[in-house]
Amino acid sequence: MSAAMTGTVAAERPTSTFQTFLSRRAGMMPTFAALIILVLLFVGAEAFLRGDFITPGNISALLLDNAYLVILAVGMTFVILTAGIDLSVGSVMAFTGILGAQLLARGVPAWLAIVTMLAGGAVIGLLIGTLVQYFSVQPFIASLAGLFLARGLAYVVSLSSIKVENTGVLWLQTNRIRVGDWYITPTGLIALLTVAVAAFVLHLTRFGRTIYAIGGNEQSARLMGLDVGRTKVAAYVISGFCGGLSGLVLTAYSGAGYPRNGIGTELDAIAAVVIGGTLLTGGRGYVLGSLVGVFVYGTIKTIISFMGAEQSWMQIIIGALLLLFIVVQRAIVARSEQRR
Amino acid sequence: MDGARPLLELTGATVRFGADAALDDVSFRMFPGEVHSLMGENGAGKSTLIKAVTGALALDEGTLTLDGDEVRFPTPHDAQRAGISTVYQEIELLPNLSVAENILLGREPRAHGVVSQRRMRDQARGILADLGLDIDPASILGTHSVAVQQLVAIARAISTDVRVLVLDEPTSSLDLDEVGELFRIIRELKARGVAILFVSHFLDQVYEICDRVTVLRDGRLVGEYLTRELLRIDLVHKMLGHDVSDYKARQREPVTQPDAPVFLSARGVTARGIGAADLDLGEAEIVGIAGLLGSGRTELARALTGAAHLDAGIIRIEGRAAHLDSPRRAISLGVVYSSENRRAEGILAELSVLENITLALQAHRGIFRRIRPARQRELAQSWVEALGIRPPDLDRPAGTLSGGNQQKVLLARLLALAPRVLVLDEPTRGIDVGAKVDIQNLVGELADNGLSVMFISAELEEVLRVGDRVAILRDGRIVETLRSGDMTVDSLLALVAQPDEQEG
Amino acid sequence: MRIWRHRLFWPSAALVVLVAVNAIARPQFLRITLQDGELYGALIDILRNSAPLMLVALGMTIVIATRGIDLSVGAVMAVSGAVALTIIDGSGDPGATGTVLVAVVVALLVSLVLGAWNGFLVSALGIQPIVATLVLMLAGRGVALLITGGFITTVNSAPLAYIASGYLTVLPFAFIISVVVITALGLVERRTALGVLTEAVGINPEASRLAGVRSRGIIWGAYMVSGVLAGLAGIIYASNIKAADANAAGFLIELYAILAVVLGGTSLAGGKFSIAGTVIGVLIIQTLDSTILFLGVPSAQSPVFFAFVVVAVVIAQSPRTRNALRALGGARRPRAAASVQDRPKVEVAS
Ligand SMILES: Nc1ncnc2c1ncn2[C@@H]1O[C@H](COP(=O)(O)OP(=O)(O)OP(=O)(O)O)[C@@H](O)[C@H]1O
Ligand SMILES: [Mg+2]
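Protein chains in written order, with my numbering: chain A, 1 to 340; chain B, 1 to 504; chain C, 1 to 350.
Heads up, a few of these hints could be off.
As the list claims (entries may be wrong) - Just a few of them, taken from the derived set where beta-carbon distance is under 7 Å, the chain B residues facing chain A:
{"hint": "1", "residue": "80"}
{"hint": "2", "residue": "83"}
{"hint": "3", "residue": "88"}
{"hint": "4", "residue": "89"}
{"hint": "5", "residue": "96"}
{"hint": "6", "residue": "106"}
To be verified - Stretch by stretch, here's where chain C covers chain A in the computed footprint (C-beta under 8 Å, at least three residues):
{"hint": "7", "stretch": "139-145"}
{"hint": "8", "stretch": "154-162"}
{"hint": "9", "stretch": "259-272"}
{"hint": "10", "stretch": "309-316"}
If you are wondering where the hints come from, they were derived from the structure by calculation, not from laboratory data. Values in this document were obtained by computation on a predicted structure and should not be read as measured data. All C-beta atoms, glycine included, are put in the ideal place defined by N, C-alpha and C.
With these hints in hand, go ahead and build the complete structure from the sequences.
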């Protein structure tokens with residue numbers, strides 16, 4: 001007999017419900033941290049601004065003003081979960097926005113314009129995904145090419161802003177559904193629906209679990225027989241599609257297409273996703289966290305505009321608050337790691 | 001059974017990596033209801049053959065037939081669909097997902113068209129129970145030890161309708177009990193007519209479970225034999241191409257002589273997973289560490305070498321209190337550590353063998369005192385020769401070496417530091433018989449030259465053979481330290497596995 | 001080893017093709033003239049104008065080698081330019097060499113501190129590099145605006161102008177700065193152990209730590225180098241436009257720098273890096289810029305053109321294309337996509 005050892009299987013048995021929770025849900029800590037900090041941010045702003053901040057109107061506006069970012073962050077979450085990144089989203093949003101506005105101005109029916117916008121975004125995503133998956137181009141670079149392409153195409157469509165007159169598209173923003181002092185527009189509903197669909201897909205479908213699997217270890221996922229190639233490409237297509245959707249939402253929101261929209265928005269989206277607890281190394285995170293991340297980001301901006309700071313201070317404060325946020329989050333996560 | 005038609009047959013298989021062939025015109029067959037073992041040294045091409053059969057690598061030449069029909073598997077998925085289920089060597093599953101998902105992803109149970117986590121958990125619990133494993137299927141895989149992860153990989157492989165089951169060193173980090181469970185399942189599958197490929201460097205296990213062996217050497221086929229007709233000594237000879245050198249028992253100090261001077265002494269060392277451990281390492285002494293999985297073997301090693309944070313306790317080196325707060329500090333005091341997790345914490349896969357060997361010495365000397373390239377080469381060359389690292393190519397990325405050779409590269413890295421204390425965590429895991437004896441002998445020689453060694457292994461026989469004394473770990477505590485001459489494998493086994501009597 | 005297997009083959013080929021296209025399209029492209037002991041011509045312009053991107057990209061290379069990324073380089077450029085020009089502007093004698101020297105030194109020190117700050121967040125607090133440097137990227141321009149008081153500070157100072165447009169012997173001073181930095185980094189990489197230790201940290205920080213490598217210090221140092229080089233780039237930029245423009249200085253340069261690093265064959269996954277590759281990558285981008293300008297593509301739409309070239313270069317570099325090439329050469333059959341995936345890592349190192 002070989003001389004290995006015998007005995008009971010010494011699997012680490014959780015001993016308390018708390019530990020069970022940790023061993024199952026340790027990955028949720030950063031997202032929880034984000035949520036806690038969001039609440040603190042609200043409370044702090046409320047105290048600081050003497051009760052002017054937490055009003056139904058402000059919170060409704062928070063969602064509507066950031067609806068486009070919510071949608072971008074959802075698409076970005078898919079990509080980041082596969083350990084990729086998509087820098088093209090801001091430009092895709094600008095491109096599809098101006099494209100839609102141009103089409104509408106030329107008298108194309110609204111439904112066709114909308115379909116073209118969504119398809120345009122998805123095609124750019126497909127291009128990036130193909131480069132990443134089949135030509136082993138690093139996601140950062142492939143999506144940077146996508147950024148250049150979309151931004152350039154936006155200028156090809158038009159160099160200046162185009163006003164949207166189509167009532168169907170404008171309805172998305174103007175139609176307010178009110179419940180007391182709360183209100184929401186179809187754009188806000190689209191954003192929330194996107195989050196809900198994404199959460200469903202990521203957690204309850206094989207495709208979604210494969211996205212997580214790829215982020216966990218791509219090589220293993222492939223050896224386990226999962227369809228890594230198509231799933232990865234699909235993640236970029238989804239992100240591109242979300243770019244198109246946010247182009248639509250932003251066009252409705254601002255009533256115009258503008259080729260300079262969304263410069264640097266990809267970083268806002270990435271920051272929101274990361275703040276929401278998703279790791280850039282992939283495989284860990286939640287799309288609901290990304291929603292929280294956008295709210296944190298949006299709240300910071302709202303607070304600053306409440307305070308009426310100058311541009312310079314505004315930038316510094318955003319940076320400082322982002323810093324405060326990630327340091328506190330880091331501390332909370334480190335704490336919980338020690339507890340395990 | 002020779003009259004039966006092979007279920008799977010590979011003929012004239014060749015796989016090249018760059019210029020050299022990892023597999024050269026090899027033929028291989030598997031019969032239904034038979035356990036087949038693939039034997040060979042580290043780097044002989046076993047895993048390469050397995051990858052070629054299961055669609056993870058493309059064949060450069062050769063054909064594969066399944067049930068008489070020629071097949072091609074462009075991806076592992078295609079092989080799985082054809083009923084070939086595989087546990088790859090050293091491929092971790094998905095550390096970020098739950099155990100249940102790791103077992104069932106790709107064929108997950110559904111409720112109302114969506115993945116049902118609850119049913120997945122129930123199903124997984126059943127499969128795990130089949131393996132005698134009681135872990136929470138909803139827990140995240142990455143929080144478990146390597147052994148549990150290995151068992152989960154096995155659970156995944158056997159939980160489908162398999163026709164061909166391929167296990168590439170599935171037992172390398174398992175304890176005897178788990179191996180027993182695995183063998184029980186293998187026998188069940190065998191009775192159902194499944195063809196099983198089992199790779200292991202443990203000859204005992206091969207002889208216990210396998211009906212047939214195919215031997216590879218340097219990527220070439222040596223031959224196919226029935227296990228019962230092949231003597232062990234002949235098998236080893238065929239694998240190595242020469243006879244294995246014997247384990248040289250160390251010249252142990254006579255018991256009457258007072259203990260050698262203590263070089264490193266630890267008192268009340270407490271860290272994560274280890275409580276109040278006392279240990280003395282004498283000069284020229286090898287202390288073996290024995291304990292079950294999860295008993296704190298690795299934690300103890302890390303606590304003593306600055307790799308993990310000490311919560312309490314004191315470590316003295318030559319009588320002086322040493323503050324080992326980082327591996328770097330430990331190295332400067334002559335204490336070096338090799339991790340059990342070779343791939344994640346040892347080898348730098350993309351750096352060359354030369355860079356891997358000289359890394360620690362260079363880091364120790366500092367950035368500005370660079371070792372001259374000629375000197376580096378000379379140094380690495382001498383270690384490659386001394387340890388018999390193959391292929392002896394200094395410029396090859398270390399990640400392309402076989403497991404055993406990677407381990408030797410790691411040892412070379414540490415030995416180049418001319419250490420005083422060597423802490424080896426599972427240095428022979430996954431290593432072929434020849435290399436294993438080499439490493440055991442090397443450790444003995446080093447100790448003869450005055451080095452203190454702490455030797456951790458899950459194989460009690462090895463711990464007893466190599467160690468002068470053996471420290472027995474249970475639940476994060478050193479319960480006893482005994483002379484190895486006073487113990488047998490069975491008495492050690494009893495000590496290690498003794499159930500705890502309410503000791504806090 | 002076949003020549004196209006060399007890691008710098010494709011980047012170099014892309015550069016040569018670009019130069020050739022230009023030379024055919026406009027013969028004067030290759031002409032270099034000597035006037036008053038100074039060299040002039042399109043190629044010289046490219047070398048001169050590439051200096052800021054070159055410096056930033058070199059710093060980025062080191063950071064990327066440690067598995068990091070530095071998004072704050074543009075903001076550091078803005079701060080550095082603002083500091084330098086505010087000092088010069090506020091001094092009694094903007095034209096004095098001493099003033100400019102002091103301004104440059106102070107600006108570089110400030111940049112060093114900013115780099116150290118990034119390094120602190122990444123190595124001491126363990127924050128993901130992309131977020132850690134995002135903080136400074138967002139806040140840095142605000143700081144620069146604060147320093148310049150919200151205006152674009154312009155100064156008239158001969159020594160300052162010299163940095164970007166002057167000549168040292170026959171070559172532009174800005175280019176000389178690039179050469180000095182490239183040489184210095186090359187020497188440090190060759191003559192000290194920093195190169196291989198940095199690669200080790202980038203490949204596997206934990207394994208490196210266990211081998212006694214000062215992972216933390218090396219990562220920290222990388223961000224400091226990146227900071228200083230970005231600061232230097234900021235000074236050259238400010239000298240070129242003779243003004244500190246907090247919003248325009250180094251705008252989007254982080255993206256171009258990362259692109260240059262990757263075009264030069266260094267993987268964003270960290271580890272093996274190539275200074276020479278980055279130099280070639282920067283020259284590709286700068287030549288492309290000049291080509292687009294020459295072709296008269298409206299500057300707003302030039303990104304499309306840029307995108308196509310980037311895609312062409314990365315596709316040419318991809319393992320799939322290489323295998324197809326080898327198959328054309330009749331060497332042997334291409335492998336399945338599956339094995340293509342895990343091979344580039346190995347080949348990079350060979
Ligand atoms: N990706 C790769 N690139 C280059 N060479 C490789 C690669 N993978 C394996 N090799 C080489 O192929 C040969 C066979 O390796 P393989 O992993 O099949 O050995 P093995 O018999 O499984 O050894 P072990 O017992 O250590 O697992 C070795 O010489 C190895 O260095
Ligand atoms: Mg193997």
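Now for the hints, and whether the structure bears them out:
This hint holds: residue 80 of chain B has a C-beta 4 Å from the nearest C-beta of chain A, less than the 7 Å allowed. At its closest, the beta carbon of residue 83 of chain B sits 12 Å from a beta carbon of chain A; the interface hint therefore is violated under the 7 Å criterion. Below 7 Å, beta-carbon pairs count as interface contacts, and residue 88 of chain B has one with chain A at about 6 Å; its hint therefore holds. Contact between residue 89 of chain B and chain A, as hinted, is not supported at the beta carbon level, the nearest pair being about 11 Å apart and thus beyond 7 Å.
The beta carbon of residue 96 of chain B comes within 4 Å of a beta carbon in chain A, closer than 7 Å, and the hint placing it at the interface holds. Evaluation of the residue 106 of chain B hint against chain A yields a held restraint, the C-beta minimum of about 5 Å falling below 7 Å. With 5 residues having a Cβ less than 8 Å from any Cβ of chain C, the stretch 139-145 of chain A passes the three-residue criterion, so the hint holds. Interface restraint, the stretch 154-162 of chain A with chain C: holds (3 residues with C-beta to C-beta distance below 8 Å; minimum three).
Evaluation of the coverage hint for the stretch 259-272 of chain A: fulfilled, as 4 residues show C-beta separations to chain C shorter than 8 Å, against a requirement of three. A count of 7 residues in the stretch 309-316 of chain A with a Cβ less than 8 Å from any Cβ of chain C is obtained; the coverage claim is therefore met, three being the minimum.
Violated hints, listed in ascending order, are 2 and 4; each of the other numbered hints is respected by the structure.
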